[in-house]
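A.B. asks: Here is what each chain is made of, one letter per residue.
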Amino acid sequence: MKVAVVGAGPAGVRAVEQLVRAGLRPLWLDEAPDGGGRIYQRPPAGFRRGAAALYGLEAKRAQALHAALDAAKPAAEWRPDTLVWDVTWAEKRLHLLHQGRAEAVEVDAAILCTGAMDRVVPLPGWTRPGVTTLGGAQIALKAQGCAIGPKVVFLGSGPLLWLVAYQYMKAGANVAAVLDTTGFRRKLGALAGAPHDPVTLAKGLYYVARLRAAGVRVAEGVTPLAIEGEQPDAISALRWRDAAGREHSTACDAVGLGWGVRPELQLADLAGVPIGFDTVQHNWVPQRDALGRTPVPGLYVAGDGAGIGGAVVAEMAGACAAQAVLDDAGLPADQKLVNRLQRRLRRQARFRAALERAFPFPISLAATMPDETILCRCEAVTAGELRAAAAPEGPHGAAPEVNRAKAFTRIGMGRCQGRVCGAAAAEVLAAQLGTDAAGIGRLRGQAPVKPLPMPAWQGESA
Amino acid sequence: MRLVRLADQDRPEITFCFEGAACTAREGDTLLTALLAGLAGFLRQSEFEDGPRAGFCLMGACQDCRVMVEGQGRVRACTTRCTAGMRVRRA
Amino acid sequence: MSDSADVIIIGGGGAGCSAALYLAWRGARVILLERGLVGSQASGANYGGVRQQGRHAAELPLARRAHGIWRRLPELIGTDCEFAETGHLKLARNEAEAAELYAYLDTARAHGLPLEMLEGAALRERYPWLGADAVAASFAPQDGSANPRLLSPALARAARQAGATILEQTAVTACRREAGHFVVEAGGIRYSADRLLNTAGFWGGQVAAWFGETVPIRHHTPNMLVTEPVRYFIRPNLGVVGGNVYLRQIPRGNIIIGGGYGSGDPAVPMSRPDPVVTLRAMQRAAALVPQLADVSVIRSWSGIDGIMPDRLPVVGPSATTPGLLHAFGFSGHGFQLGPAVGAVLCELALDGRTETALDGLSIQRFARA
Numbered sequence: 001m002k003v004a005v006v007g008a009g010p011a012g013v014r015a016v017e018q019l020v021r022a023g024l025r026p027l028w029l030d031e032a033p034d035g036g037g038r039i040y041q042r043p044p045a046g047f048r049r050g051a052a053a054l055y056g057l058e059a060k061r062a063q064a065l066h067a068a069l070d071a072a073k074p075a076a077e078w079r080p081d082t083l084v085w086d087v088t089w090a091e092k093r094l095h096l097l098h099q100g101r102a103e104a105v106e107v108d109a110a111i112l113c114t115g116a117m118d119r120v121v122p123l124p125g126w127t128r129p130g131v132t133t134l135g136g137a138q139i140a141l142k143a144q145g146c147a148i149g150p151k152v153v154f155l156g157s158g159p160l161l162w163l164v165a166y167q168y169m170k171a172g173a174n175v176a177a178v179l180d181t182t183g184f185r186r187k188l189g190a191l192a193g194a195p196h197d198p199v200t201l202a203k204g205l206y207y208v209a210r211l212r213a214a215g216v217r218v219a220e221g222v223t224p225l226a227i228e229g230e231q232p233d234a235i236s237a238l239r240w241r242d243a244a245g246r247e248h249s250t251a252c253d254a255v256g257l258g259w260g261v262r263p264e265l266q267l268a269d270l271a272g273v274p275i276g277f278d279t280v281q282h283n284w285v286p287q288r289d290a291l292g293r294t295p296v297p298g299l300y301v302a303g304d305g306a307g308i309g310g311a312v313v314a315e316m317a318g319a320c321a322a323q324a325v326l327d328d329a330g331l332p333a334d335q336k337l338v339n340r341l342q343r344r345l346r347r348q349a350r351f352r353a354a355l356e357r358a359f360p361f362p363i364s365l366a367a368t369m370p371d372e373t374i375l376c377r378c379e380a381v382t383a384g385e386l387r388a389a390a391a392p393e394g395p396h397g398a399a400p401e402v403n404r405a406k407a408f409t410r411i412g413m414g415r416c417q418g419r420v421c422g423a424a425a426a427e428v429l430a431a432q433l434g435t436d437a438a439g440i441g442r443l444r445g446q447a448p449v450k451p452l453p454m455p456a457w458q459g460e461s462a
Numbered sequence: 001m002r003l004v005r006l007a008d009q010d011r012p013e014i015t016f017c018f019e020g021a022a023c024t025a026r027e028g029d030t031l032l033t034a035l036l037a038g039l040a041g042f043l044r045q046s047e048f049e050d051g052p053r054a055g056f057c058l059m060g061a062c063q064d065c066r067v068m069v070e071g072q073g074r075v076r077a078c079t080t081r082c083t084a085g086m087r088v089r090r091a
Numbered sequence: 001m002s003d004s005a006d007v008i009i010i011g012g013g014g015a016g017c018s019a020a021l022y023l024a025w026r027g028a029r030v031i032l033l034e035r036g037l038v039g040s041q042a043s044g045a046n047y048g049g050v051r052q053q054g055r056h057a058a059e060l061p062l063a064r065r066a067h068g069i070w071r072r073l074p075e076l077i078g079t080d081c082e083f084a085e086t087g088h089l090k091l092a093r094n095e096a097e098a099a100e101l102y103a104y105l106d107t108a109r110a111h112g113l114p115l116e117m118l119e120g121a122a123l124r125e126r127y128p129w130l131g132a133d134a135v136a137a138s139f140a141p142q143d144g145s146a147n148p149r150l151l152s153p154a155l156a157r158a159a160r161q162a163g164a165t166i167l168e169q170t171a172v173t174a175c176r177r178e179a180g181h182f183v184v185e186a187g188g189i190r191y192s193a194d195r196l197l198n199t200a201g202f203w204g205g206q207v208a209a210w211f212g213e214t215v216p217i218r219h220h221t222p223n224m225l226v227t228e229p230v231r232y233f234i235r236p237n238l239g240v241v242g243g244n245v246y247l248r249q250i251p252r253g254n255i256i257i258g259g260g261y262g263s264g265d266p267a268v269p270m271s272r273p274d275p276v277v278t279l280r281a282m283q284r285a286a287a288l289v290p291q292l293a294d295v296s297v298i299r300s301w302s303g304i305d306g307i308m309p310d311r312l313p314v315v316g317p318s319a320t321t322p323g324l325l326h327a328f329g330f331s332g333h334g335f336q337l338g339p340a341v342g343a344v345l346c347e348l349a350l351d352g353r354t355e356t357a358l359d360g361l362s363i364q365r366f367a368r369a
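Chains as they are written, first to last, in full-length UniProt numbering: chain A, 1 to 462; chain B, 1 to 91; chain C, 1 to 369.
Isolated chain A, as found in the complex (with noise of 0.2 Å):
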């Protein structure tokens, strides 16, 4: 029986660790040169910080990881550098890019898990060299050693926005602000009485006490108005709004932003499983049951790109889905540790509902983000054009949802398509049009999930 895991993050390494263990030789693909995946990737050689420079208080559970990571190599048939493109589950094939070259290769059953990435809010100014993702920031400084630039702010909302900016102070980076757009209240308001993650939360307090300590500025509540610049390839300030309304301008070279993550769930809708919108999370996510399995008979999905739950909870639901593949498959099934499991994944579930809510997606700063934005940053899509999108009296009539309103303006329709400015894009349409996120559809996936280099073909003729 030939298993794909598509992934070699927490989730990856975790299902193709059990599928070893009960005897298979699963087909490992990752698109990255090693595993580890966006929150445990690894320097190149030639680096020499340890792990816990690298990951701090998640140094241990890294190092578990790549061990687990390293430990499976060799027993499956490990694929790095590889890109699925396209998935045509009919012939349960998935399509491979390496080298620039294509490639097909045909199994029995595959396990996405293919991760998240930040979720944004574009804000004027935000397409200018100097502006990053959190997450990007956080690689800039975990797999090169670098800041994103000499002064940072850091602006957005939820763990990660503290996480970096602690991690970027401890590496002897300038930050100049940490700028979180949720204010104090709401977060108390969400995590009072709520069953919650106390070692999270106690991380997250951690966080905020020594950037304090450290006389890094933070603010909590800000909206944030502009990324203001001289020169085009370089920023100076962040102008923004404090929460009693009065305006600041904070100077900097560098700006991190990011409002929590969402699904990389690109290959799973072009495998034709159904995709529903998680009013929880405020993301659309794959339809799987507790362990993983997708509607779609051979296709399971874990870890974020499944729904966002966290390194944590990745590595444990990548274990139960290639438990659900063994089972399945009618291979013996670990049963009493997919029981403990789904005890802790229940637990981490309610957690996360807590966390959410503290952190929540600000819907109203994306819907009320100014005409001239560039909202579609492929695209140079203003965020103005979508809403005359939205608008009956326009040439081409309204459009009553998202991919119609990509069909007239070209929102999400470039390289990225749509990852980066779905998100928000959604908030501003739905907005014009009176109605949700989840009632304005979602931007469908289409191959290829990344750039596909034209001599690709050749590949496929050898």
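Since no wrong hints were added, every one of them can be taken at face value.
If you want a taste of the chain C side facing chain A, the calculated C-beta under 10 Å gives, among others:
1. Pro153
2. Ala158
3. Arg160
4. Gln169
5. Thr227
6. Pro273
7. Val276
8. Asp294
Restraint-style ranges between C-beta atoms, simulated for each label pair:
9. C:Ala293 with A:Lys60: 46 to 54 Å
10. C:Arg231 with A:Arg350: 48 to 56 Å
11. A:Glu77 with B:Ala84: 25 to 33 Å
12. C:His181 with A:Ala329: 58 to 66 Å
13. A:Gln342 with B:Gly20: 53 to 61 Å
14. B:Met68 with C:Arg126: 23 to 31 Å
15. A:Val280 with C:His56: 55 to 63 Å
16. C:Gly187 with A:Gln342: 38 to 46 Å
17. B:Gly20 with A:Asp289: 53 to 61 Å
18. A:Arg340 with B:Glu19: 55 to 63 Å
These are computed hints drawn from the structure, not numbers from a lab. Predicted model only: the values in this text are computed from it and were never measured. A virtual CB, placed ideally from N, CA and C, is assigned to each residue, including glycine.
Knowing the structure of chain A, use the given hints to seat chains B and C on it.
C.D. replies: Just chains B and C now, kept in the frame of chain A:
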């Protein structure tokens, strides 16, 4: 945009070529790091006349950091390793 | 519940929407019923070629009329749908294909379609980016391309403004002629009218079958892709004899490439490109224009079109049912023809005749077979 090298920077220097000029990087740098920790300032001009770009997600998702590498065509700077002798220009 | 009109139109692609527009302009009460959103299938998912060159003689009168309407879109509906008369360059890759291009010149001349033959040095001089495969070409200066995502919605908006009722997300479930009227059931409502237009694309075969006219229609799912934007250098819309690849660049820089077919299920309906076909189209496109070698494909798509065995649409009155007019099975040619089809259907519905020759397009050609 200027990346600041903070840690793990005692790697061997390598030389590559950007827009016809010789540049130095460190072994293990991505193209994005090599260019933006150097003096490139940006990686490409947006096709739609809304200014220069220098990447955004740094994890291969946003496709904003495309540059042209001789012999490879257009590639993502954030997921392409900079190697000695590479000839790079703005896409 | 029920509603009535002078004309009911089934199917909101380019043909149906333009028919609604022309009828509304003439003051007719029109109801158009569309299962999804207007222009969701072949009319919206096609390549965007606005091409007359190479059309069968039977289609050319319609194509010539459509060309006149395409040019006047801004004054007619307030937008040009990105129509640009860039010219269409049809390439021959060997002597036999070149002979085919020469053979077509008489047909084109008879219908007033200007064409220019180019060979050897003259061809390379004008298009230095062409690959070595091209040996000859015929250039149609009055052809070009437009944005398929915009045409049907723009026609529908103009039709609504002119008084037509266009109901989207309204699938027709039954349809019959009853006491001299057409009765159409859709979304739990009974619609009736004296005239019925069948502009339902592939599904037009089903509508015709409801009236005892079975046609050998099949579905096709053109496999389309588009590259990232690069410097604008390919001005004409490019095709080849045989049609296994075609491509065009828009001034924004993206190159749209077609060739081959994906897969689909009209019953859902769903369609998707085939990755192997995508790679094949990339190979052929790179052979046509070698400079494409350092460009990436960023998106692919498909849609469901109806194809007739002779690759000509069915346009004209029903052979069984007075008052029923067909325009479906456009066999990949519907986008360019659409605007004229509406004008012709309007004339047939209201005047009983049209100046545009439709010889060879009648549904009767299948009754005889």
